[in-house]
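Protein chains: 2
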Amino acid sequence: MIEDKNQQRTPLSEFGEFGLIDHLTKNFEISHSSTIKGIGDDAAVLSFENKKIVVTTDLLVEGVHFDLSYMPLKHLGYKAVVVNLSDVYAMNAKATQITVSIAVSNRFPVEALEDIYAGIETAAKIYDIDVIGGDTTSSNTGLLISVTAIGEVEEEVYRSGANPKDLLVVTGDLGGAFMGLQVLEREKEVYKVNPNNQPDLDPYTYIIERQLKPEARKDIIKLLKDLDVKPTSMIDVSDGLSSEIMHLCKQSNVGCDLYEDKIPLDPQVISTCEEFDIDSTTVALNGGEDYELLFTVSQADFPKIQANPNFSVIGYMKEASEGMHLVTRGDSRIPIKAQGWKNFND
Amino acid sequence: MIEDKNQQRTPLSEFGEFGLIDHLTKNFEISHSSTIKGIGDDAAVLSFENKKIVVTTDLLVEGVHFDLSYMPLKHLGYKAVVVNLSDVYAMNAKATQITVSIAVSNRFPVEALEDIYAGIETAAKIYDIDVIGGDTTSSNTGLLISVTAIGEVEEEVYRSGANPKDLLVVTGDLGGAFMGLQVLEREKEVYKVNPNNQPDLDPYTYIIERQLKPEARKDIIKLLKDLDVKPTSMIDVSDGLSSEIMHLCKQSNVGCDLYEDKIPLDPQVISTCEEFDIDSTTVALNGGEDYELLFTVSQADFPKIQANPNFSVIGYMKEASEGMHLVTRGDSRIPIKAQGWKNFND
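Quick note, the sequences are listed as chains A and B, same order. According to this note's numbering, the first sequence holds residues 1 to 346 in order. According to this note's numbering, the second sequence holds residues 1 to 346 in order.
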């Protein structure tokens with residue numbers, strides 16, 4: 001499905017270890033004053049003066065988190081960065097540095113690693129972060145990318161600060177990344193049967209991009225500051241809305257009413273759900289990988305966010321004893337339940 | 001060879017994702033005032049006030065960096081932490097926090113992850129560091145551990161500060177980890193042929209421990225401070241002495257004379273080298289994984305380190321134009337050469 005543009009295949013063994021890392025990271029520039037020393041020593045050296053810092057780490061594993069038959073390597077590098085930055089923004093922090101470790105089969109040519117690094121570099125430029133270190137090693141099997149992201153924060157926002165009566169707000173729209181994945185999986189099956197088939201992916205552009213090239217909501221952190229809104233709790237939507245709501249409720253010791261008719265869905269998500277005969281609310285609740293921000297604000301802040309198209313108020317928090325419920329369009333109340341760990345149940 | 005003590009086998013899928021992480025990390029305690037929030041939110045929150053911080057990351061991959069047929073899982077968890085701390089100490093920093101990400105096959109029972117985490121916890125206690133985050137995910141194939149270590153530093157020491165005439169100093173002794181690996185590989189082959197064979201590993205206790213349970217030289221950072229010695233450059237010996245000397249020389253733009261007869265070798269390394277008919281100097285130069293510290297000091301500091309059994313002065317730095325040489329016992333001068341990236345040349 002993805003055209004192989006890497007006509008050139010330089011074996012990894014052509015470079016020594018340090019030659020390879022130098023080669024791959026030679027374009028990386030340092031832009032933050034907090035980065036005193038980046039790549040090239042036993043460790044990077046950073047200085048944040050009096051600011052607090054946040055640290056988060058995530059692994060992307062081939063065959064579990066991505067499928068190279070439709071995930072271009074450049075997008076993979078980009079996405080590996082973005083999913084980590086999303087966690088930084090979810091703390092109300094500014095992302096400043098990342099380290100990147102890659103385990104890669106020696107079946108891969110140098111050009112494949114160059115593609116991954118090109119995606120990492122693009123993300124670093126767009127999100128204005130310094131790549132300060134990492135490790136590239138061989139693997140006997142699949143490709144794996146581990147990113148650690150660091151940010152600086154003045155007033156961090158935890159998952160645990162929500163209060164009863166706070167409004168529950170989500171950015172953007174939900175379910176797109178999951179439906180994009182469904183389309184890509186379907187096209188992969190079609191391709192297996194008929195490799196000459198040219199799929200028409202135009203009706204799915206937005207949702208495929210949500211899957212292959214997600215963005216982290218850096219803009220929202222700035223917007224909240226400009227609007228003078230400090231969320232009482234915040235989390236990013238990586239596992240699906242229901243899972244994230246449960247985290248906020250459990251850690252804040254509150255309950256929640258979530259209104260089905262308020263969940264923001266893109267028209268492409270709705271039409272693709274109809275095509276696949278999947279319930280769009282289920283997709284929004286359990287799909288994951290949207291990397292939107294879910295947060296709570298006190299009702300006093302409602303006027304500040306009310307008219308802003310970036311935000312949807314989708315529910316409100318209650319006493320913990322009242323539980324967590326989805327209030328459906330038909331006005332029934334359905335308990336919000338945990339999703340298992342899909343990766344281990346495969 | 002390693003007895004399987006895990007009679008119990010609880011499938012990973014028995015826990016939800018968050019239940020599993022909670023289960024594995026429930027014993028971890030926070031001891032540093034710089035850790036404001038550890039595991040449990042989108043990111044950890046740290047505060048170092050006016051101190052600079054160092055950040056380093058390393059991947060350990062099954063089949064490349066370790067072999068589960070002789071590496072007990074608890075030791076693996078311990079080693080994954082230690083190799084990262086070693087990089088922190090090599091900056092003259094104090095290690096304070098780590099994040100740990102693990103990709104593991106769902107063939108593994110929960111008890112296997114518990115063993116890995118027990119090793120991580122032991123290292124965290126011994127080295128006094130907080131485990132502040134991480135990620136545990138499934139892998140279709142092998143086991144992989146990615147650790148990011150963070151430390152605080154007042155006066156960092158880079159690889160680049162060595163000057164001509166500085167003395168080259170190494171801690172402890174070299175080549176043990178490599179020879180321990182040779183013994184373990186040999187016993188693995190014997191075991192394949194005769195699983196009932198009980199190997200006598202007594203003559204190899206020290207070198208096997210160097211391979212399976214290496215230590216990072218936290219003590220040296222304190223000792224250097226107590227002795228009021230600030231190295232001009234420093235690196236840890238992870239890839240082998242010759243590779244590390246080349247890093248110091250290249251980044252400091254100096255040359256070096258290394259004296260073969262000064263290289264510290266444990267008697268077990270010498271006797272095992274004889275048994276395997278391997279040259280012990282070659283082992284010390286290229287073996288790697290000793291996690292000793294290699295540093296340079298100005299000659300004025302010689303009296304401070306001279307009598308200390310932790311240190312061996314093994315050479316001195318010269319002008320870059322004079323090159324890097326091993327001065328042999330027979331007084332010949334052999335250029336020190338790069339080792340390729342063994343992992344990619346396999």
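There's no promise every hint is true.
Identical copies look the same in the list; a pair holds intra-copy or inter-copy alike.
[Said to hold, decoys possible] Derived lysine to aspartate or glutamate pairs resembling DMTMM-like cross-links, with alpha carbons at most 25 Å apart: (1) Lys337 x Glu14; (2) Lys51 x Glu29; (3) Lys26 x Asp301; (4) Lys218 x Asp202; (5) Lys213 x Asp135; (6) Lys51 x Glu156; (7) Lys225 x Asp331; (8) Lys250 x Asp22; (9) Lys51 x Glu155; (10) Lys225 x Glu29; (11) Lys318 x Glu215; (12) Lys37 x Glu209; (13) Lys74 x Asp135; (14) Lys250 x Asp135.
Hint data in this document are derived by calculation from the structure and do not stem from the laboratory.
Hint by hint, where does the structure go against what was stated? Just the numbers, ascending. 3, 4, 7, 10, 11 and 12
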